[in-house]
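Those protein sequences? They're chains A and B, same order as listed. Position 150 of the first sequence, counted from 1, bears residue number 150 in the working numbering, the numbering being contiguous throughout. Basically the working numbering = 1-based index in the second sequence + 1000.
Hints are supplied without guarantee of correctness; some may be wrong.
[As the list claims (entries may be wrong)] Distance ranges between label pairs, derived from CB positions:
{"id": "1", "chain 1": "B", "residue 1": "Q1220", "chain 2": "A", "residue 2": "K64", "range": "48 to 54 angstroms"}
{"id": "2", "chain 1": "B", "residue 1": "R1495", "chain 2": "A", "residue 2": "S27", "range": "49 to 55 angstroms"}
{"id": "3", "chain 1": "B", "residue 1": "S1050", "chain 2": "A", "residue 2": "Q7", "range": "21 to 27 angstroms"}
{"id": "4", "chain 1": "A", "residue 1": "A54", "chain 2": "B", "residue 2": "S1109", "range": "29 to 35 angstroms"}
{"id": "5", "chain 1": "A", "residue 1": "K66", "chain 2": "B", "residue 2": "Q1007", "range": "54 to 60 angstroms"}
{"id": "6", "chain 1": "A", "residue 1": "P107", "chain 2": "B", "residue 2": "E1034", "range": "48 to 54 angstroms"}
{"id": "7", "chain 1": "B", "residue 1": "D1236", "chain 2": "A", "residue 2": "D380", "range": "53 to 59 angstroms"}
{"id": "8", "chain 1": "B", "residue 1": "V1108", "chain 2": "A", "residue 2": "P107", "range": "34 to 40 angstroms"}
Just so you know, these hints were derived from the structure itself, not from any lab. A virtual CB, placed ideally from N, CA and C, is assigned to each residue, including glycine.
There are 2 protein chains.
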Amino acid sequence: MAKKPPQAYLDLKEASTEIQTYNSILSLLHWDQETHMPEGAIVPRSEQISLLSAHIHEMKTSRKFKGLIEKLASVSTGRIKAKGLSAKEKAAVREWTNEYFRLKKLPVSFIKQFSQLTSEASQIWQCAKKESNFKLFAPFLSRIIDMVREKASIYSYKEHPYDALLGCYEPCMTSAKLHKIFTPLRKDLTHLLGQIRGKSLDDRFLHGSFDPKKQTALGQTILNALPIEPAFSRLDVSAHPFSTALHPHDSRITTRILPGNFMSNIFTILHEAGHSMYEMGLPAEYWGTPLAEPVSLSIHESQSRWWETLIGRSHAFWSHFYPLAQKTFPAKLGRVPLDRFYRAINKVTPSLIRVEADEVTYCLHVILRFELESALLSGDLQVYDLPEAWREKMKELLGVAPKNDREGCLQDIHWALGDFGYFPTYALGNLFAAHFFNAFAKQHPDWEKRLSSGDLAFVRDWLKTNIHSFGKQYDSEQLAKKVTGKPFSEEAYCRYLKNKYSDIYRL
Amino acid sequence: MAKKPPQAYLDLKEASTEIQTYNSILSLLHWDQETHMPEGAIVPRSEQISLLSAHIHEMKTSRKFKGLIEKLASVSTGRIKAKGLSAKEKAAVREWTNEYFRLKKLPVSFIKQFSQLTSEASQIWQCAKKESNFKLFAPFLSRIIDMVREKASIYSYKEHPYDALLGCYEPCMTSAKLHKIFTPLRKDLTHLLGQIRGKSLDDRFLHGSFDPKKQTALGQTILNALPIEPAFSRLDVSAHPFSTALHPHDSRITTRILPGNFMSNIFTILHEAGHSMYEMGLPAEYWGTPLAEPVSLSIHESQSRWWETLIGRSHAFWSHFYPLAQKTFPAKLGRVPLDRFYRAINKVTPSLIRVEADEVTYCLHVILRFELESALLSGDLQVYDLPEAWREKMKELLGVAPKNDREGCLQDIHWALGDFGYFPTYALGNLFAAHFFNAFAKQHPDWEKRLSSGDLAFVRDWLKTNIHSFGKQYDSEQLAKKVTGKPFSEEAYCRYLKNKYSDIYRL
């Protein structure tokens, strides 16, 4: 039996659980807003969210909370002072301390000013995108970059301001490490894309008109077949699909139905269900502590991409589910054999935006953003030169170019929200997933056979045991090493893509 | 232009708005629990609710909040000290003071103990009801009555302990006033029921099997025809129908579908929509203050019963909507003329429970409960004699008798929750509605003609102008007088029933 933690630990856990409970309420406010809230309720909803957010921030940065941490560790150095903590408890204290330190660094005046600026910038961005006119947005982006630089210097960094920003989303990553990973990844992906370019692959049967009701039923059937507890989860529809968890026992996802593309709904459900399974796999008995929190955005994304791509775009998965899809859309798929379907859903088509990208081009969108963000921050690239720089890099990496700003550097809201350093986690998610997958496949050499028979429970069990159950006990690099025995790198992902697409395109 | 309120008023308003905002978040937690929450999430949801409730109670009873009130009024005497307040502002200060005084009276230890007891009692009640065995529940009811007596003496009262309990739900009502109202009401209702008893009225076409999908569509169409802003409201399904409002711009109702009784869904929607229209009609510009709060439970109920019965069971309403019902269920209603339908939906059938009661017997259920509650509190009735007393009174008032405890004194959860003094508001709601309706009909002598043509907007406009827009500025008796020019009594309701049912039953 585990030893009872010291009282100071229990006190901190109690305070932290209270904060997490408020956080879970905040999640419900967001979820409701995107799914069921009457549209006219946006003003009171904003007030609810802003009040609760402020309350949470206050509690997290309160003198009282600091006092509770300081009974266990030094807030300034992170050194653990308390005796008798288990390894898990030490990890929890480390995370509490880091989080407090990080939160306290940014002055409240900075947070308010930044929030005001990004709120204005988001509105202007919408307008600028609509008119496809970057010049409208440029002055705001300049001010955001100034503040982001200030944020980086407040957080402080050793080598590159980008390191401080990365730290907000993927704490163990640095600009230098990313360069080391992205350089060979960039090379391999552009090489693979070069080999594929010009090869034709017929996927016309995936496009056309697909009855939304049938799409909904197919998506729900596939979701029901996933090893998810229905008592702890639910599926809704929203304009932009997302997943949110109030608690390991209350995890919710959304999808959207595109009449012209039925696979979009399936991939969305698999993606969000991957996020959801991670949250449901966190150990509920530690809820309220970092031991029941996800490691990082990258690891979260590794779980969604795992189910969406490694599983959901695999031949084995569709060996089981394809007959169901054929039965749902017989006119379109009835005469298309599985192998043709499998190749079609993996078709490589360089496009202008990450969210529509196939596996080969996906990370190239991220690399583009990383390179431009770094250059903007360092001053090597001026804001007013961004549209042209974007166009050039798009051509260089993907061989396609946006016709206008709307398709180019105004395509998504990240920069308007001040989210610099966020994008790399989208790529890292894929890389971590492939890295983990090697260990999974070694332990389950018959995984394709089992998947083909519709068995998915063993996949989730493996993820739960090897990844979910640790919460934030390890950082992402430590976890990668622990799970596979090998340090994290891009290798597994590059090898996976090369093997898969050499087969699909008969390279 | 209105004068700017004194700074002390604005400060109090700000603090109160914060509390109300938290209250609105609490409402969302409850709404979600009854409608969409995954069933396995009940434990974390209870923790969210209990944390937020405690936080709200803390804020409402805080020294800080008291200090803000005391700049405007004396908390102990209620006397207003501040100069320069408008009549509305004075009313708001009066309500803030009353509420604070009421909340502070009950010691936190009492609240906790009562909450623990009623939580246990509710579980035991469920079990006792299932087994139809009052003896299981009796010891808990005894303890509840002891605590309810204690609560009454903490709140203090002049004549009867029941006055103190009534005050929690309908502040201007007392036991003596209720007696004055309920005595003639009891007499008139039993007399009317006696005249009706034995007369037959065919309503078989209202029963049978009604496709739930068609029921849903019919209910939604009628809801859409009501003068409700769709941007501020929504309809869901829940086991027990209810309405909740997060804000005048976010008001939500639920219904349930009974396959054997399609009118249940319609009446439920009209009832809950009535509550909802009241909340949406409160002046949003005063939100956060008592000026945007409902007067009392009785006045709330007057609004729901207004739409469910005075409008929703009227000949004029169905002159417009009946063809739609016929079209929805042609096999059942196709050959039934409007007049037969109108009489059938108003059929009087003494039943064992209020929620299924027609207009004539409805208040008799309430009077039964009021008389038993009073006797239990005064000690004239012993808990162990309750089943028999219930049976006797049921026979006396309604001429029917429960076969067992489940159908009798265990039929609903109110007592298990400690809600003594609540039931009278169900009757008062009907009485206030009829009282108000006289003034409405005087102002709109052509209301039946307009209703017959499907015009409902003028009804809501009248309610908004005459009732909703005042918030809590007047208490229910003042409002009744203001709207009609006459003091509140049972007269209007008795006359309404006599006229209506003399016609229906050709008395």
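Against the structure, the hints come out as follows:
1. Between Q1220/B and K64/A the C-beta distance comes to about 50 angstroms, which sits within the given range of 48 to 54 angstroms.
2. Judged by the Cβ atoms, the range 49 to 55 angstroms given for R1495/B and S27/A holds: they are separated by roughly 53 angstroms.
3. For S1050/B paired with Q7/A, a C-beta distance near 23 angstroms keeps the hint of 21 to 27 angstroms intact.
4. One distance hint, 29 to 35 angstroms for the beta-carbon pair A54/A and S1109/B, holds here, with the actual separation near 31 angstroms.
5. Distance hint check for K66/A and Q1007/B: the Cβ-Cβ separation is about 34 angstroms, which falls outside the suggested range of 54 to 60 angstroms.
6. Take P107/A and E1034/B: their Cβ atoms lie about 42 angstroms apart, and the range 48 to 54 angstroms is violated.
7. The hint said 53 to 59 angstroms for the Cβ distance between D1236/B and D380/A, and at roughly 54 angstroms that hint holds.
8. The supplied range of 34 to 40 angstroms is met by V1108/B and P107/A, whose beta-carbon atoms lie about 37 angstroms from each other.
Going down the numbered hints, you'll see the structure goes against 5 and 6, while the others check out.
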